[in-house]
Amino acid sequence: MQSSFLVTDDIFVVSVSGELDHHCAGKLREEIDEAMDAFKCRHLVMDMEKVTFMDSSGIGVVLGRYSKISERGGRLVLAGCSDYVEKILLMAGVFTVINKENTAEEAIWLLRGYEQMKLGVNE
Amino acid sequence: MENRMTVRFAALGVNESFARSVAAAFAAHLDPTLEELTEIKTGVSEAVSNSIIHGYREDPEGIVEMECKVSEKRYITLIIRDWGAGIEDVEKAREPMFTTGKPEERSGMGFTVMESFMDRVEVVSEAGEGTTVTMTKRLDACGK
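Here the protein sequences come in this chain order: F and H. First residue of the first sequence? That's 0 in numbering that gives the first Met the number 0, and the numbers climb one at a time after it. First residue of the second sequence? That's 0 in numbering that gives the first Met the number 0, and the numbers climb one at a time after it.
Calculated from the structure, these hints are not laboratory results. Since the structure is predicted, the reported quantities are computational estimates derived from the model, not experimental observations. Be a bit skeptical, because a hint or two may be false.
[Said to hold, decoys possible] List of simulated lysine-lysine pairs, DSBU-like, C-alpha gap at most 35 angstroms:
#1 H:K91 to H:K68
#2 F:K67 to F:K39
#3 F:K26 to H:K68
#4 F:K49 to H:K68
#5 F:K99 to H:K91
#6 H:K68 to F:K86
#7 F:K99 to H:K68
#8 F:K117 to F:K26
#9 H:K91 to F:K67
#10 H:K91 to F:K26
#11 F:K26 to F:K49
#12 H:K91 to F:K86
#13 F:K86 to F:K26
#14 F:K99 to F:K117
#15 F:K67 to F:K49
Construct the complete structure from the given sequences, taking the supplied hints into account.
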């Protein structure tokens with residue numbers, strides 16, 4: 000498993016590639032949490048397009064990040080899930096609380112739109 | 000002709016990928032679909048992770064055994080065995096979202112995933128004695 004990061008505004012985009020199992024899940028969790036804290040990002044996009052294998056450890060990583068980010072008023076959006084990744088996440092009802100988009104770019108647009116909507120309400 | 004193989008390995012996280020790759024390689028001669036191979040790998044990954052995390056609490060001294068059998072009728076049976084802590088209440092452990100770990104980081108979906116991808120999942124366990132998970136799947140006859 001490998002991950003690469005991109006920061007845009009206060010959106011943190013992590014692109015996960017390779018096999019995501021229990022052995023790699025801890026490392027990915029730590030990397031995301033540490034980097035999000037360091038860059039003071041509020042929102043997270045998890046780009047799963049290059050994930051070639053995932054078991055239920057992936058559900059734990061996604062739901063764990065969701066609860067952390069929600070506590071701070073941020074949002075998590077999933078992007079690029081294959082049918083297989085989506086099938087596993089669906090088993091835990093992940094998409095009842097977390098949005099998914101086809102690409103990371105679309106996920107970023109969704110979060111920017113959400114921020115602008117919030118600004119509009121506050122004004 | 001029935002074919003079979005057994006491997007034993009240390010309860011180390013790094014061996015999760017080893018176990019699922021071995022199971023997939025063993026099943027390959029039945030010419031399964033890509034989807035079936037992924038399902039086999041996922042089932043193995045879940046059962047082996049359970050042995051490592053819950054059975055041995057990540058103690059590398061623990062040993063996990065994986066036995067694979069395939070029959071002429073294209074049934075594949077995967078038996079994952081450990082001699083670790085065992086499960087006190089198997090029925091409860093099989094419930095979706097049930098976990099003894101940190102609920103915010105563990106999904107408790109391991110058995111649910113196994114049941115979804117395999118045709119039959121049998122769990123035999125005794126506290127202090129260990130756990131044996133037997134998964135059976137019938138491969139699509141069109142594969143060959």
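Indices of hints not satisfied (ascending): 7
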